[in-house]
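The listed protein sequences correspond, in order, to chains A and B.
To convert, note that position 222 of the first sequence is 222 in the working numbering; the numbers rise steadily by one, no gaps.
Going from the second sequence to the working numbering is simple: count from 1 and add 1000.
Worth flagging that the hints you see were computed from the coordinates, not collected in a lab.
Cβ coordinates follow ideal geometry from the N, Cα and C atoms, glycine included.
Where hints are given, some of them may not hold.
[Stated by the list, open to error] From chain B, some residues computed to sit far from chain A (all C-beta separations above 12 Å): (1) Trp1058; (2) Glu1072; (3) Val1073; (4) Asp1077; (5) Glu1085; (6) Arg1154; (7) Tyr1168; (8) Asn1172; (9) Ala1299; (10) Leu1323; (11) Leu1344; (12) Pro1351; (13) Glu1359; (14) His1475; (15) Asn1526.
[Claimed, not checked] No farther apart than 30 Å at their CA atoms in a straight line, the calculated lysine-lysine pairs in the DSSO-like style are these: (16) B:Lys1091 - A:Lys435; (17) A:Lys434 - B:Lys1617; (18) B:Lys1091 - A:Lys448; (19) A:Lys373 - A:Lys290; (20) A:Lys290 - B:Lys1617; (21) A:Lys453 - B:Lys1091; (22) B:Lys1327 - A:Lys290; (23) A:Lys57 - A:Lys434; (24) A:Lys435 - B:Lys1290; (25) A:Lys430 - B:Lys1091.
[Stated by the list, open to error] Derived DEER-like restraints, expressed as beta-carbon distance ranges: (26) B:Glu1575 - A:Asp101: 49 to 59 Å; (27) A:Lys435 - B:Gly1520: 41 to 51 Å; (28) B:Pro1544 - A:Glu310: 18 to 28 Å.
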Amino acid sequence: MAQAPKPRSRKKTPGGQVLVRMYRHGLGDCFLLRFPKEGGNSSFTVLIDCGLIGVAKDPKPTMQKVVASIAEGCGSRIDIAVMTHEHWDHASGFSTQQAQDAFDNIDVGEVWYAWTEDPENELGKKLRKERAAKVKALHAAAMALRGNAAPLAAGRAARVETLLQFFGVESTASLQGLAAAGEAIGKTRSAFEYLGQRRGVKVSYRYPTKAALTLPGVDGVRVYVLGPPEDEARIKRSSPTKKGKEVYEFALDAAIDDNLAVAFERLQAPGEAGGPDCPFEENLSLFPGKTGAKPVPAALTRLIADTWDEPEESWRKIELDWTAAAETLALNLDSHTNNTCLVLAFELVKSGQVLLFAADAQVGNWLSWQDTKWTVKDGNETRTVTGPDLLQRVVFYKVGHHGSHNATLRTLGLEQMTSDDLIAFVPVSKEQAKKNRWDEMPFEPLVKRLREKTGGRLVFSDQDAPKKESLASLTEAQRKAFTTRLTVTPLFYEYSFQL
Amino acid sequence: MFSPDSNQFYLDRKLDDPASATAPPPPFRRLRGYAFDPSLALRLDTASMNQAVFETPWERKLDPGPVGEYVEVLDYDPASGCWYEPVDLNKLEIVAQDGLAPSEGNPQFHQQMVYAATMNTIANFEHALGRQIFWAALYDETQPPGQRDVYVQRLRIYPHALRAANAYYSPNKRALLFGYFPGPSGMVFSCLSHDIVAHETTHALLDGMHRRFIEDNHEDSLAFHEAFADLVALFEHFMFPEVLRHQIAQTRGDLASQSLLGELAQQFGEATGRYGALRSAIGERGPDGKWHPIEPDPARLGNEFEPHARGAILVAAVFGAFLAVNKARVEDLIRLATAGTGVLPAGSIHPDLVNRLTEQANATAKTFLNMCIRALDYCPPVDMTFGDYLRALVTADFDMVPNDRYGYRVALIESFRRWGILPKGLRTLSEEQLRLPFARMEDFEGWGALTEVAAKLRPQITETLYVRDRRVLFHRLRDARGAIHEYLEVSMSDLSDAPHRPEFNRVTGLNLWSKSGLEGLAVKSNGIPYFEVHALRPALRVSPAGTIMKQLIMVLTQVRRVFIDPENRALGRFEFRGGATLIFDLEGEKPSLRYAITRRIDDEQRLAEIRGYRKRKGEERLSLRGTYFGTGGDGTRLDDEPLSLLHSEA
């Protein structure tokens, strides 16, 4: 951990308050946390993610503004930067295309990544390799489908592309745009790695199985790493309805994806036929109608004329049905990546309150918190802290994945958050989500339940602060506390907690 | 197959040419294939029995593909951008040696394998149903009314359609699509798994009979499709003597212990990282990695909603009944073999006993398979539940075998009860209660449109029993459906609000009154609401006791386009259907209506339940796919392949 910095902050944290700031820049996460340091004249700053989804307008000026505000808020010193996962809407601010130059001028003590990024970790290596294979296959798929005239292909390409945005593909309506997507994908990776590779920044990989952490110079705050789980099956689990026994790991995920990638490359550039990816020996493949190909047996010619080429039967062709695999692949890629999210719970020791930052964790990640356990020492007293215990004490919940359905678990998640003081922040932009046709983001039933659980203390980055009417179920004191503790500006919401 | 006589098939009597003077046409085409899948051929203990010979019906006209009367195999591999040469099963060298030898590397063997396994399942259906099967017709709106159902002669089969650990029946294309993917030890081909082929073929056959069963209106809808397909694949395991003998010897006759017989899709399961088969009807591996038999658990029905998992409950219930019956039927053999103690000595059991046990298990399985298939004729036209299926099973079997000497029905009822599968609204679970009640005639002061139309059509229908050509038969039945439609329309039109109307409504579930005021019911220009004679199926059945039953199954349906949530119209509309499956006995002076399995179109409670289900599904069970890709259909959505999603892992 870096040495406690010299007090440079123009703004000190007001007496013993923890400040949690959510930026309101669009569909993407950016949170600045400030903890009062002992002595009370400076604050310890933690930045969790800084990114914006690809469809957003004017991303560069937007993010420049955000980072300028961060610099001001943290006094140009970030003690810890947390990179939850490798998605554009969480990391774009660190890219050269957006605001890396601004970050260059901010002093960063340490960067935290999930253990899945640990170069020494075998499972992490495997997952990263698979992710790379998937991204490659998807890129090939999007290219091939865009280049295909069939309407089915266009629709499919559009859907695949919306998910590629998480990897930084911005405008992909054209083939040229997609050709640049390869670069864009690299772009996300480099934004994500920027801090880790920056000179003078300490890199830490965080494991849920290791001891709880403290923030140097800050008294009374403990940090628990809830996820990602060190369990492949859980990382590959996305849907809440599937039972454990049905969720299995592909031993050969990468091999399957590579096999598919070659097929998509072939679709994009026909003419390349037959190859080691094909299921049979090359000499068994036949190419009817292709000039220069070896002769086709008469029986096949007849069969094709009677069935495949029969105009009355054209509705039964299956030219592109197999490309549905691209969508499955895109979804798997997205959920596997989201399940590798670094999830942190900040415990304010004195009050027992917990601030939960779930990033975009999905089901597998959430479920694993149930099994987490730490032994901590408060003074002379040793106690055991478990995942469910932390959930029970959550008073601040950063809603997972912009409020979508798969990123907040119900029974073993939200319903375990039973504190009367629960408030929740949702970083989302309905407008930008709609552009991608993500009509269920945020997911209405989840919003409804969150509203109930928080008594209306639910703050959306793209909306005005909750009005008095929506806080009607709270007591007068609760309402007052909420409104006075919430700071509202056009650029961010900030809430203060008593340490 | 076991006894040639049992495999009666319509095709083998459908001869365009007179039989040769010297020899009759062969009863079967013998084709080698995998009893399970290639993975078992690589294991020493199972290699010997995994190669089976399918005795498929002899199709005289079988073109390279193979393309026959029922199916056409097109070996196009779009992901590899190539075709493979079609196999000609009539080639002398191939006929003479029971088809090509099993080989994973030979696409022509793959074609032979899918053909053999598909035809095998088709033959089982025709045998059980007592008639020729049809694939789902194509609906062509540009045709005049009455001719919009277009005949689809062949199911199309693409053995190498996908690069994915997936295989599915496409209801839109009337095609089976099989995938392949790199597994831990080479390519895994789903078209080489007998279980998967049988399962997908069954989806297609079921869709051909009950087009509305893929509409997802409640928890049981898609689960039934899956369960039924699994049941057919499971019981087909018992049709291979080598397999059965081998497994009975290995389990010492205890079919309830872990064996290949009760498991589905070994290679597929293993290659996709499961430790064993994709699904098992009798046991499962626990978290400890050990195999445990499944115990009936009524609570599971309330907790499992994913179609395969929920379907597994129905599979377990039917399979449990099969095991119980078979056990009872071999008790005497075991006693004989053990000098009355019933306790088998340690070690292998005597080969003679193995043979007798094998015969019995085969016979019991065959009966169950027939029962399961035959019950399809007794299902409601829409919104079937597991409970409805139990009633259909019991009633269909009662019609066939009035005295339940071996306790098949008792076993079924008991097993379903133990799994908590109960038909709605029944107080007790006795056979009499479960059996569908005889329809009270809609006879009202001498008026009875239904029997009249049945009587009027009897000569025409009876005639179809002799038609061999499926195309001709399809068109004759379509004409008959048109005639029924017209007759009912005319006979209901002049009744305004006559007292017959409620009776007609009660029996058929339809509402043919222009002033019904039902939300979403479209009325034709002639003042009568639209309705459909959805299907017409004459059946000729011969019971084991030798009696011949001539039945006519008439399916009437109607549709209302209603909002999913009247309060929140943004959720859109769906098609709420009603109608009835009417089973007539064609014998006697006048045909009589025996059963009316009705789902009323004006059943507001059923409507409310479906609305609730559809809404809930939209909310609680929205998938990741739904979040990103939406749930509507614009013609290119994956939703267009409802069974594909069920079969892929995401």
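Hints, one by one, checked against the model:
No Cβ of chain A comes within 12 Å of the Cβ of Trp1058 of chain B; the nearest lies about 20 Å off, and the non-interface call holds. Chain A draws Glu1072 of chain B into its interface by the beta-carbon criterion, the shortest separation being 6 Å against a cut-off of 12 Å. Non-interface call for Val1073 of chain B relative to chain A: violated, since the shortest CB-CB distance, roughly 9 Å, does not exceed 12 Å. Distance check for Asp1077 of chain B against chain A: the nearest CB is about 7 Å away, which does not clear 12 Å, and the non-interface claim fails.
At roughly 5 Å from the closest C-beta of chain A, the C-beta of Glu1085 of chain B falls inside 12 Å, breaking its exclusion from the interface. A Cβ of chain A approaches the Cβ of Arg1154 of chain B within 12 Å, the least distance being about 9 Å, so the stated non-interface status is violated. Tyr1168 of chain B, annotated as away from the interface, has a beta carbon of chain A within 12 Å; the closest lies near 9 Å. Listed as a non-interface residue, Asn1172 of chain B fails to keep its Cβ farther than 12 Å from every Cβ of chain A; the least gap is roughly 8 Å.
Every C-beta of chain A lies more than 12 Å from that of Ala1299 of chain B, the closest at about 14 Å, which supports listing it as non-interface. With a minimum CB-CB distance of about 22 Å to chain A, Leu1323 of chain B clears the 12 Å threshold, and the non-interface call stands. Non-interface status of Leu1344 of chain B relative to chain A is upheld: no Cβ of that chain comes within 12 Å, the nearest being about 33 Å off. No beta-carbon of chain A comes within 12 Å of the beta-carbon of Pro1351 of chain B; the shortest separation is about 38 Å.
No Cβ of chain A approaches the Cβ of Glu1359 of chain B within 12 Å, the least distance being about 36 Å, so the stated non-interface status holds. Distance check for His1475 of chain B against chain A: the nearest CB is about 17 Å away, which clears 12 Å, and the non-interface claim stands. In this structure Asn1526 of chain B is separated from chain A by more than 12 Å, as the shortest Cβ-Cβ distance comes to about 32 Å. For the suggested pair Lys1091 of chain B and Lys435 of chain A, the alpha carbons sit about 59 Å apart, so the restraint of at most 30 Å is broken.
Restraint check for Lys434 of chain A and Lys1617 of chain B: the C-alpha separation of about 21 Å stays at or below 30 Å, so the hint holds. A distance of roughly 68 Å separates the Cα atoms of Lys1091 of chain B and Lys448 of chain A; the hinted pair therefore is violated under the 30 Å criterion. Between Lys373 of chain A and Lys290 of chain A the alpha-carbon distance is near 64 Å, which puts this suggested pair outside the 30 Å criterion. Straight-line distance between C-alpha atoms of Lys290 of chain A and Lys1617 of chain B comes to about 48 Å, which puts the hinted pair past the 30 Å bound.
Only pairs whose Cα atoms come within 30 Å are accepted, and Lys453 of chain A paired with Lys1091 of chain B is rejected, the gap being roughly 73 Å. As the CA atoms of Lys1327 of chain B and Lys290 of chain A are separated by approximately 60 Å, the hinted pair breaks the 30 Å bound. Using a Cα cut-off of 30 Å, the hinted pair Lys57 of chain A and Lys434 of chain A holds, with the two alpha carbons roughly 14 Å apart. Distance restraint check for Lys435 of chain A and Lys1290 of chain B: the Cα-Cα separation of roughly 50 Å exceeds the 30 Å cut-off, and the hinted pair is therefore not satisfied.
With a C-alpha separation of about 64 Å, the suggested pairing of Lys430 of chain A with Lys1091 of chain B is violated against the 30 Å cut-off. Range check, Glu1575 of chain B to Asp101 of chain A: about 58 Å between beta-carbon atoms, so the 49 to 59 Å window is met. The hinted range of 41 to 51 Å is not satisfied by Lys435 of chain A and Gly1520 of chain B, whose Cβ atoms lie roughly 34 Å apart. For the hinted restraint 18 to 28 Å between Pro1544 of chain B and Glu310 of chain A, the CB-CB distance of approximately 44 Å leaves it violated.
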